[in-house]
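There are 2 protein chains.
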Amino acid sequence: MQVRREPLADQAAELLLTRIRAGEWQLGQKLPGETTLAPQLGVGRSTLREAIRQLAGRGVLASRQGAGVFVTALDVPEDWDLVLRRADIVSVIEARTAIEAEAAALAAVRRTPTELRAIGRALAARARRRPDVEEHVDADMAFHRAVVVAAHNPVLVDLFDSFVPRSRIAMVEMLRLGTAADHAADHTAHDLLHRAIADRDADLAARLSRTHLTSLKESLT
Amino acid sequence: MQVRREPLADQAAELLLTRIRAGEWQLGQKLPGETTLAPQLGVGRSTLREAIRQLAGRGVLASRQGAGVFVTALDVPEDWDLVLRRADIVSVIEARTAIEAEAAALAAVRRTPTELRAIGRALAARARRRPDVEEHVDADMAFHRAVVVAAHNPVLVDLFDSFVPRSRIAMVEMLRLGTAADHAADHTAHDLLHRAIADRDADLAARLSRTHLTSLKESLT
DNA sequence: CGGAACTCACTCCTCAGACAAGTAGATAGG
DNA sequence: CCTATCTACTTGTCTGAGGAGTGAGTTCCG
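Protein sequences, first through last, are from chains A and B. Be aware that the first sequence starts at 213, since it is given in the numbering used here, and climbs by one per residue. Be aware that the second sequence starts at 213, since it is given in the numbering used here, and climbs by one per residue.
Check each hint, because a few of them may be wrong.
The list treats identical chains as interchangeable, and a pair is accepted whether it falls inside one copy or across any two copies.
[As the list claims (entries may be wrong)] The list that follows gives simulated cross-link-like pairs (lysine to any residue, SDA-like), each with its CA atoms no further than 25 Å apart:
#: 1; residue 1: Lys242; residue 2: Ser258
#: 2; residue 1: Lys429; residue 2: Arg257
#: 3; residue 1: Lys429; residue 2: Val283
#: 4; residue 1: Lys242; residue 2: Arg329
#: 5; residue 1: Lys242; residue 2: Asp222
#: 6; residue 1: Lys242; residue 2: Gln223
#: 7; residue 1: Lys242; residue 2: Arg380
#: 8; residue 1: Lys242; residue 2: Arg270
#: 9; residue 1: Lys429; residue 2: Gln252
#: 10; residue 1: Lys242; residue 2: Ala410
#: 11; residue 1: Lys242; residue 2: Arg338
#: 12; residue 1: Lys242; residue 2: Glu218
#: 13; residue 1: Lys242; residue 2: Thr326
#: 14; residue 1: Lys242; residue 2: Val384
#: 15; residue 1: Lys429; residue 2: Ala285
#: 16; residue 1: Lys429; residue 2: Asp370
#: 17; residue 1: Lys242; residue 2: Thr259
#: 18; residue 1: Lys242; residue 2: Thr400
#: 19; residue 1: Lys429; residue 2: Leu387
#: 20; residue 1: Lys429; residue 2: Asp403
#: 21; residue 1: Lys429; residue 2: Glu347
#: 22; residue 1: Lys429; residue 2: Thr324
#: 23; residue 1: Lys242; residue 2: Glu346
Bear in mind the hints are in silico, worked out from the structure with no lab data behind them.
Build out the structure end to end from the sequences listed, making use of the hints.
In structure tokens:
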């Protein structure tokens, strides 16, 4: 576990948010002035201002020149996509593992012939070599999505879709940074998953999904 | 309507957002440096920094010291809770199965002694008979949540929490409509899960979670 | 030739100080 | 009592300086 050095402004924002949630300042009330609050938190005034801006962007605070900074909401409608974007990539991959393994098992049982064909087409598209990294990642995502769609569960599909942006960024980065991508082994793994779903082998499909994503996780740490 | 003088930082943030949405910088790409962008927008560096912080709070931008400022999203999207409320309860339970089975396996590996004790306490509280159906459901949810928390993965916790309201409604309904609830068998199933996590048996923990939720799903159809 | 260690330019991060602009309560005058 | 002004306090903006992390190019060694 790496000790990530978080910017002071972010720390200050989090600290403020906890104090707001704790009820230190009621809704609509004014916070202490910047010149009071900054030394109290042990940061410079500009740093505190950046923290306030950050919370303002999230809708928690609002400042009025000459008057002060006011609390506009105590309960942040914790936007789900925001959580994902901020989250550690390892946590995201683990959640993806849960979703996709389950979906693969369900897909093996429920897939229609049409969906099976769609998975096969996505697999073929994925196998084509591309010079552009992003295109390859997109093709990979399309294959995985086809599997999830075949599970006939809209909740799982929505979950998968919400994971895509965050995973995409991480995978593009990983491939760009020359992490040795064993294309051949990668392709056989996907091919096996395709066949397991074709054979209606739910257990194998889940296992294959799991091992594939686990190795992805390990290559990211 | 009076000409409301908007702070420069807010104007800069809006301007940046429109340029991002216009596709001037792709998703995941780096923005020009502060020293370049500030004069270009006609504002000071600190003002630009506050604008960036504001967008960071909204999840559109993310800055990494030494590297630059990157686009993390082009738009802030839909409401997740709405999707769940509309969804079929079977789909929700299936998604819960995916999440909780994975979480149970991780919890078996990662749980601290404190967390194990918390799970035990939740189990004891759950065992106490209650006249009120809702209280029993809440106690059950608390137990399952304790397991997910022990998995040390904030994404899984948030996912679980988002499933709670919908699941709760369904379970209360089910218990009210006299669906034979075998309390004794139910309790032993939860007790076994507790022990599997105590014994660090990840495989067993996952299997127990899965069978428990599967039977719940079948009793709902 | 290949890879590891180093250098260095570039980036964001933080602080301090100064002044401008706006607000709201206190105050003085009608 | 009402109004206009004053004034202390607040946020807004800019500048300049130095600290710290990143990543690409370079050098050095086996």
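Results for each hint:
1. Lys242 / Ser258: both (19 Å within a copy, 24 Å between copies)
2. Lys429 / Arg257: The answer is neither: 40 Å in one copy and 38 Å across copies each exceed 25 Å.
3. Lys429 / Val283: Classified as between: cross-chain Cα gap 23 Å, same-chain 40 Å, threshold 25 Å.
4. Lys242 / Arg329: neither (46 Å within a copy, 39 Å between copies)
5. Lys242 / Asp222: Classified as both; 21 Å inside a copy, 20 Å across copies.
6. Lys242 / Gln223: both (21 Å within a copy, 24 Å between copies)
7. Lys242 / Arg380: For Lys242 and Arg380, only the inter-copy Cα distance (16 Å) is at most 25 Å; the intra-copy one is 41 Å.
8. Lys242 / Arg270: both (17 Å within a copy, 22 Å between copies)
9. Lys429 / Gln252: neither (41 Å within a copy, 41 Å between copies)
10. Lys242 / Ala410: neither (47 Å within a copy, 42 Å between copies)
11. Lys242 / Arg338: Classified as neither; 51 Å inside a copy, 27 Å across copies.
12. Lys242 / Glu218: Result: close only across copies, 20 Å inter versus 27 Å intra.
13. Lys242 / Thr326: neither (43 Å within a copy, 39 Å between copies)
14. Lys242 / Val384: Between copies only: 14 Å across chains, 44 Å inside a chain, cut-off 25 Å.
15. Lys429 / Ala285: between (36 Å within a copy, 23 Å between copies)
16. Lys429 / Asp370: This pair counts as both: shortest intra-copy Cα distance 22 Å, inter-copy 20 Å.
17. Lys242 / Thr259: both (19 Å within a copy, 23 Å between copies)
18. Lys242 / Thr400: neither (55 Å within a copy, 35 Å between copies)
19. Lys429 / Leu387: The answer is within: 13 Å in one copy meets 25 Å, while 40 Å across copies does not.
20. Lys429 / Asp403: within (20 Å within a copy, 31 Å between copies)
21. Lys429 / Glu347: within (21 Å within a copy, 39 Å between copies)
22. Lys429 / Thr324: between (31 Å within a copy, 23 Å between copies)
23. Lys242 / Glu346: between (47 Å within a copy, 16 Å between copies)
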